[in-house]
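*Asks:* Here is what each chain is made of, one letter per residue.
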Amino acid sequence: GAGVSQTPSNKVTEKGKYVELRCDPISGHTALYWYRQSLGQGPEFLIYFQGTGAADDSGLPNDRFFAVRPEGSVSTLKIQRTERGDSAVYLCASSLNGIPNTGELFFGEGSRLTVL
Amino acid sequence: GESVGLHLPTLSVQEGDNSIINCAYSNSASDYFIWYKQESGKGPQFIIDIRSNMDKRQGQRVTVLLNKTVKHLSLQIAATQPGDSAVYFCAEIPPFRDDKIIFGKGTRLHILP
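Keeping their order, the protein sequence lines are chains A and B. For the first sequence, our numbering gives the first residue as 203, with consecutive numbering after it. For the second sequence, our numbering gives the first residue as 1217, with consecutive numbering after it.
So here's chain A without its partners, still in its complex pose (with noise of 0.2 Å):
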């Protein structure tokens, strides 16, 4: 596709429960970047992927939390044993090469997640 695609749109879940969270970047672009949105907040932080490497993970909240990017292009965040506090907005981003060469990351539409 043209743009970053992120997959679920919506995901509801119960408290405790495994969560994936799939993003499928712009083809050829290097750098992704994973963001968190809570409802009136700005995007925060999560992590940075160059290639297969996660380059600064240093915005995961806790080892709850972890991203992997295999092959360099379709990067999965994955949330275990999840809380009520993990509902946001996950955002997942790309760019060609990453910053600083360019601020100008292109974003999926996110993926709502709702913990019960």
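FYI, nobody ran anything at the bench for these hints, they're computed from the structure. You can take every hint at face value.
The calculated SDA-like cross-link candidates involving lysine to any residue, where the alpha carbons are at most 25 Å apart (straight line), are:
1. B:Lys1258 - A:Ser207
2. B:Lys1258 - A:Ala204
3. B:Lys1287 - A:Asn303
4. A:Lys213 - B:Glu1255
5. B:Lys1284 - A:Thr304
6. A:Lys219 - A:Gly287
7. B:Lys1258 - A:Gly242
8. B:Lys1321 - A:Pro263
9. B:Lys1321 - B:Pro1225
10. B:Lys1287 - A:Gly242
11. B:Lys1258 - A:Phe267
12. A:Lys280 - A:Thr254
13. B:Lys1321 - A:Ala290
14. B:Lys1321 - A:Phe267
15. B:Lys1321 - A:Thr304
16. B:Lys1258 - A:Glu311
17. B:Lys1258 - A:Arg224
18. B:Lys1258 - A:Val276
19. A:Lys213 - B:Ser1256
What follows is a list of derived Cβ distance ranges for each label pair:
20. A:Thr215 - B:Asp1271: 43 to 53 Å
21. B:Gln1297 - A:Arg266: 39 to 49 Å
22. B:Gly1232 - A:Thr304: 24 to 34 Å
23. B:Gly1299 - A:Arg283: 35 to 45 Å
24. B:Ala1295 - A:Gly274: 41 to 51 Å
Small disclaimer: the values here were computed from a predicted structure and weren't measured. All C-beta atoms, glycine included, are put in the ideal place defined by N, C-alpha and C.
For chain A, the structure is supplied; the task is to place chain B on it using the hints.
*Replies:* Only chain B this time, still in chain A's reference frame:
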């Protein structure tokens, strides 16, 4: 520390008028700033950026002004249109952390008919 903030959470502007959205940043060493627009139900969309060696940068109907002395950033939208209704975020790239963008809380721009 790393923080980017907005002066006003909501701004209402008459259609056709110019809009000015303001932003304050705290890290005087930051040297790259970006404005993003987010429409309801969508991801943020890049509008314009500016580096610290510039005071002003213009795009199509938008102008970003940077005042490093008072650590202030503004986005000016000329002839505001209904399609400009969105939340606008200023963002910065902290010094020595050129791998992520730090977003502020955002300002909602509401266009009055």
